[in-house]
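**Student:** The lines below spell out each chain.
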Amino acid sequence: MMKQTRFSYIRGMMRPVLMFMTVLLFTGMATLVLAETGAGSAQARIAPVGEVRLQGQPPVEIAPAAAKAAEEKAELEAAPQPRRADYPNVGMSSRAIVWVLAQMHLFFGALVLAVPLFVLMIELVGVYTGDERYDDMAHEFMKISLTGFSITAIFGGSLALALFMLYPDFMGYMMHVFGAQVLVYASMFFFESFFLYVYYYGWNAFRYGNLKWVHLTLGLLLNASGLTIMVLANSWATFMMAPSGVNEVGAVVGNIWEIMKGPLWNPINLHRFIANIGFGGAVVGAYAAFKFLSTTDPEKRAHYDWMGYTSNFIAILAFLPLPFAGYYLMAEIYSYSQQMGITAMGGILAWLFIVQAVLIGTILLAGNFYLWSGMSRTEGSERYKGLIKVIAFVLVVSFLIWVTPHTLILSASEISLLGGSHHHILGPLGIMPAKNIAVNLMLIATFLSFQLYRRSDKVATVRWAPLGNALLIGVYVAAVVNIIFLGVYYGYFTNTVYKVGSSVAQVSTTLVVIVAGLVIDTLMFRNAKRLPSHWGRIPDRAQYALFALPIAFTWLMALMGYVRSSVKTHWHVYTVMKDNSPDNFIPTIGYAGNMITLVTVLFLLCVLFMFWVANLSGSRQAKPEATAGGEA
Amino acid sequence: MKVLFKTLGFSLGLTLLFTLVTYLLPQVKGEAPVEKKVDLSSLTMEDFIALGDDIFHNKGTCTLCHKPAPLGRAPDIEGDDMVAESAKRLADPRYKGDAKDAEGYLRESMLHPSKYVVAGWGKKGSNDSESPMPPVDKPPIQLSAMEIDAVIAWLEAKDGNEVTVALPTAAAAAEVAAGGAGGDAGKAPAPAATAEEALAKFACVSCHSLDSKDTLVGPGLVDVGSRLTSEQVRQSILDPGAVIAEGFPPAMPTDFGAKMTVNELEMIVKYLAEKKG
Amino acid sequence: MEEQNTLGVGGRLVAVAIAIIIMLAVFYGLDHMIMGMQGLPLNPDLSPAG
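Chains as they are written, first to last, in the numbering used here: chain W, 1 to 632; chain D, 1 to 277; chain X, 1 to 50.
For reference, chain W alone in the conformation it holds in the complex (with noise of 0.2 Å):
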């Protein structure tokens, strides 16, 4: 009775914010194709609302020849070229603050954006196997995120600002090339919002039934703006990186389409979709890890683990094909412009991937312990014991191979060398062959670290599962003499183009192995006899695992943030438009991971605040005992 006075609570509210989310919607369309059709063009707008004019004479001309003119000129326009003058001096650094809120924006961009992707996954997980933990999981998920999309309103607003007034001529020349496009942008915002509401506020209102699937569409709906909303916003950094529909000077020669559809628009996109859902997977682990920490009662702590499993199990998942997508990223980047692709891989930027290295290197060992350490959780686990041992040797030689740069300490002398823009000894540390077959090395690892915790709770009971394990051994083995094969002899016995090659026949050597590991367990755990359980049986030191993922994403996320845009050098849009303003060279590796820290810490405490404000709403203040007198 009490639940059914609240739904029909909740309904009456919904009606008139859904009316005027309606009337949004609607003019935001009217306005939009008003744009598209041109009926809201300038002179439109402007002309009189009645004219005087005698009988049978045709209307005054309002000059429209000239403002044709003015028109095709104003299309042929060139990139303008801003001297230094030009640039406004707030007393600190243009790019210093644009590198702060630009971060910020695209941290919680990227969160918000991949939670409602795994959430909606999850919630689909729930209404298929009718087992309710996973609807109220997802519930949870959509919660603590929630406030997410207001910070990263707040800072796509300040980024704006901080863009049109440090960069007016660059913003000035971005508007001129996208035009109404941005227009589109800003009225996904209202789609998302819409959706978003009536998705999490609805949640329990459409639970059962057919209302489910209402539900469900709503998720569909709002993770579609969402991700127009990302594509969108990735037109406009990899035309700076890769202008397409301008001539050589900037002028715009092609439609809104050719433009956005850059040489890496595509790649870019493919990598943000899956890096999201790793990032987005790490922070709500983060959030659970804290929880089970925070908590004695055994039922919580079992829930919590179960969702820093989940967690977990999202942001490895969605990790391990990553590679795969910088792989096709950098490779188109060397296909747009082999210079481009040698400032990063091969320059002074070669550097950072050093540090990349350690980063996914402490992704990779955080994932492995906490999977080792969640086995603990079940009684099968115990058959594998021994296998992780070796696991556990493979990964830590490899992530050592991995980091060892070529040269370790540079002498003053070897620095002074390095004097210029480019750096002459560690150039083809992109393509290190021994590298490589770490990298990939690593990645079968945790994989298998993955299988064998899949595996730990589970007995297999189809005939044929010997020969199924038999194959799987097959397929691991062949797999690493494949890629140390690969490695070693085009890397070192054959020429640079067919060591370049070979990377990506590693990187599909892994691939397979994960497509068939996935195939094979898939096919040999059906009915499989399941062992019992015990969730919350895991050490507390196995959560600081939950703690590092998110640390080194957000980390990882920043520094190639950072390298992705500094591939353009002294480019806003390379080739096209030069960076002459003060900040227009490539800061020391120890500025940008000063700057790297801050962002990161600063997030930390923006996200922080998002759990504590989604804490907020579940508890209530006891009633004080009423004293005498009462307040006044």
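Treat the hints as calculated values from the structure; they're not laboratory data. Check each hint, because a few of them may be wrong.
As the list claims (entries may be wrong) - The calculated lysine-lysine pairs, modelled on DSS-like cross-linking and capped at a C-alpha distance of 27 Å, are: (1) D:Lys2 x W:Lys143; (2) W:Lys261 x D:Lys201; (3) W:Lys261 x D:Lys123; (4) D:Lys6 x W:Lys300; (5) D:Lys100 x D:Lys88; (6) W:Lys529 x W:Lys261; (7) D:Lys275 x D:Lys213; (8) W:Lys143 x W:Lys300; (9) D:Lys123 x W:Lys568; (10) W:Lys143 x D:Lys6; (11) D:Lys115 x D:Lys100; (12) D:Lys100 x D:Lys123; (13) W:Lys568 x D:Lys29; (14) D:Lys201 x D:Lys270; (15) D:Lys123 x D:Lys96; (16) D:Lys138 x W:Lys568; (17) W:Lys300 x D:Lys2; (18) D:Lys270 x D:Lys213; (19) W:Lys385 x W:Lys529.
Stated by the list, open to error - Short, incomplete list of chain W residues facing chain D, as computed with Cβ under 8 Å: (20) Trp351; (21) Ile354; (22) Gln356; (23) Trp555; (24) Trp571; (25) Pro587; (26) Gly593.
Even for Gly, the Cβ is constructed at its ideal location relative to N, Cα and C.
Given the structure of chain W, go ahead and fit chains D and X onto it with the hints provided.
**Tutor:** Just chains D and X, lined up with the frame of chain W:
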């Protein structure tokens, strides 16, 4: 609360650890190329060669690819005697370019890298018919003609060969000065503002008469708008060899497409298309 | 606890050996395919044919 401090401490510690890694690596800045003023009155050949050396290692970004053997992605220009190499390449039956000597070859290889690709260094899958090198006079490298000369001078001088390029003339220096801080506009004079200016700038009038049908070198253009559509006018400027007016030699330069700004081209096309005699 | 062992120890070893050989053949084909797709043909002994 204790949990909060422990986990926060752990997280911050890890962040600082990552920061520390960045401090262990060499701290190098990647400066954007700076404009250099060349004082023509005191410029010696030695300075010019040093300028070429500097451009090769910095602004030209040549050393990204042109490195000694195990690291390079392109021939080791610094290690090889490029004058001797050029002679070998010019003698190669695969050579299809127009250069006659080392200086010409070096310039051609910078402006049109695909004219001749050293065996084994071609783009993947192109069978050495296409070079991965960007033309150095185009963005993002954008060397001026004078800077390219300086690089050639250095390439010749570094192995003790005779330097054949001449020191820059006052005209070239003026171009560089005109570029100023606004980028490398040095290679192109300021764009023309009107069609007449543009026609003068590209010296169209030295071969075409604009106010009569008289033939100078090319056909007179006073009625060109009635003979050709603006599309055809545009094509005749960008690709003069495509359709040649009857009885004329293919003498018109073919590089207007690269030299003209879009505005200039459009102004000329519009101007000519309206000339109906 | 243990999965059913219908093959015996010797049978298992043989199965694993066969599986390794099959998978090596698969990866051999994969190397040819991936390198070929990038315009980098290989000889039958996997040495560069370009």
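**Student:** Which of the numbered hints are not met once you compare them with the structure shown?
**Tutor:** 2, 6, 22
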